[in-house]
Amino acid sequence: MKPLLTVVIPVYNVERYLKRCIESVLAQEWKDYEILLVDDGSTDHSPQICDDYVKDYDFISVIHKENGGLSEARNTGISHAKGEYVYFPDSDDWIEPDTFIALAEALESLEFDIISFNREFVKGEEDAIVSEPEVTQVFEGKDAFVQMLKHRYITGFANDKIYRKSLFTDHNIQFPIGKYYEDLGTNYKLFLVAKKVYATNQKYYHYLIDNPDSITQSWNEKSLEICMDFIKKCFIQILYVRN
Numbered sequence: 000m001k002p003l004l005t006v007v008i009p010v011y012n013v014e015r016y017l018k019r020c021i022e023s024v025l026a027q028e029w030k031d032y033e034i035l036l037v038d039d040g041s042t043d044h045s046p047q048i049c050d051d052y053v054k055d056y057d058f059i060s061v062i063h064k065e066n067g068g069l070s071e072a073r074n075t076g077i078s079h080a081k082g083e084y085v086y087f088p089d090s091d092d093w094i095e096p097d098t099f100i101a102l103a104e105a106l107e108s109l110e111f112d113i114i115s116f117n118r119e120f121v122k123g124e125e126d127a128i129v130s131e132p133e134v135t136q137v138f139e140g141k142d143a144f145v146q147m148l149k150h151r152y153i154t155g156f157a158n159d160k161i162y163r164k165s166l167f168t169d170h171n172i173q174f175p176i177g178k179y180y181e182d183l184g185t186n187y188k189l190f191l192v193a194k195k196v197y198a199t200n201q202k203y204y205h206y207l208i209d210n211p212d213s214i215t216q217s218w219n220e221k222s223l224e225i226c227m228d229f230i231k232k233c234f235i236q237i238l239y240v241r242n
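Numbering of the sequence shown is given in numbering that gives the first Met the number 0, commencing with residue 0 and proceeding in unit increments.
Just so you know, the hints here were simulated from the structure itself, not pulled from any lab data.
No experiment lies behind these values; they were computed from the predicted model shown.
Keep in mind that a hint or two might mislead.
[To be verified] Beta-carbon label-pair distances, calculated as ranges:
no.: 1; residue 1: E139; residue 2: D55; range: 17 to 25 Å
no.: 2; residue 1: V137; residue 2: N66; range: 34 to 42 Å
no.: 3; residue 1: K18; residue 2: I100; range: 19 to 27 Å
no.: 4; residue 1: D55; residue 2: V137; range: 32 to 40 Å
no.: 5; residue 1: F58; residue 2: I208; range: 27 to 35 Å
no.: 6; residue 1: H150; residue 2: K194; range: 19 to 27 Å
In this text, a Cβ means the ideal position worked out from N, Cα and C, and glycines have one as well.
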């Protein structure tokens with residue numbers, strides 16, 4: 000029987016953090032998922048850690064591939080995912096133990112194309128998540144896109160969203176290879192083809208901000224140029240939505 004959810008974890012030289020990420024998924028009370036580890040040509044002990052988990056759990060699998068970057072690793076995961084939905088946590092981050100059970104009703108209804116939650120930026124495990132009083136809303140995809148641009152509690156990130164896999168496969172949407180801000184450059188496309196979006200302001204995702212090896216730590220003139228290009232595309236889409 001196929002799982003409802005495939006958790007795709009791109010892995011690249013994260014031996015310090017990988018177990019914490021995987022264990023946070025294994026700690027979930029809701030169990031209708033598989034874990035797909037995509038080792039993107041790691042040169043540390045990450046590949047061995049992946050292999051060890053595969054030996055211990057029959058619902059964990061691994062793909063070892065040459066280094067191609069975060070987007071390529073995610074795209075590889077999508078093409079091999081068995082679930083109706085896909086989720087992309089970063090391998091140096093982790094989720095709260097009640098994440099999936101809190102979202103289970105929305106997931107199991109099969110009603111929503113995107114399920115969005117919130118995150119806390121942290122420097123370590125000692126930083127606690129603090130959520131505001133719960134707000135849950137349902138949007139049409141285009142309206143959720145506008146909310147993302149307003150940066151309420153729908154963010155431009157991919158790792159605080161669960162997506163129906165067919166949004167990618169049926170609309171030929173992929174994460175862009177070799178670009179920074181790949182989340183923003185993909186999310187606006189996904190929102191515009193999504194029919195129904197479930198969104199909550201509750202924070203379930205721990206986003207580590209002090210990992211020097213993270214792609215999010217890289218910043219230069221070229222990355223700024225790419226970011227501005229994505230912003231331009233988003234504003235073009237705003238005009239399309241309003242018309």
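Status of each hint after checking the structure:
1. Between E139 and D55 the C-beta distance comes to about 42 Å, which lies outside the given range of 17 to 25 Å.
2. Between V137 and N66 the Cβ separation comes to about 40 Å, which falls inside the hinted range of 34 to 42 Å.
3. Against the hinted window of 19 to 27 Å, the Cβ-Cβ separation of K18 and I100 comes to about 22 Å, which satisfies the hint.
4. Separated by about 39 Å at the C-beta atoms, D55 and V137 satisfy the suggested range of 32 to 40 Å.
5. Distance hint check: the CB atoms of F58 and I208 are about 30 Å apart, consistent with the given range 27 to 35 Å.
6. Here the CB-CB span from H150 to K194 is close to 23 Å, well matched to the stated 19 to 27 Å.
Hint 1 from the list above is the single one not met by this structure.
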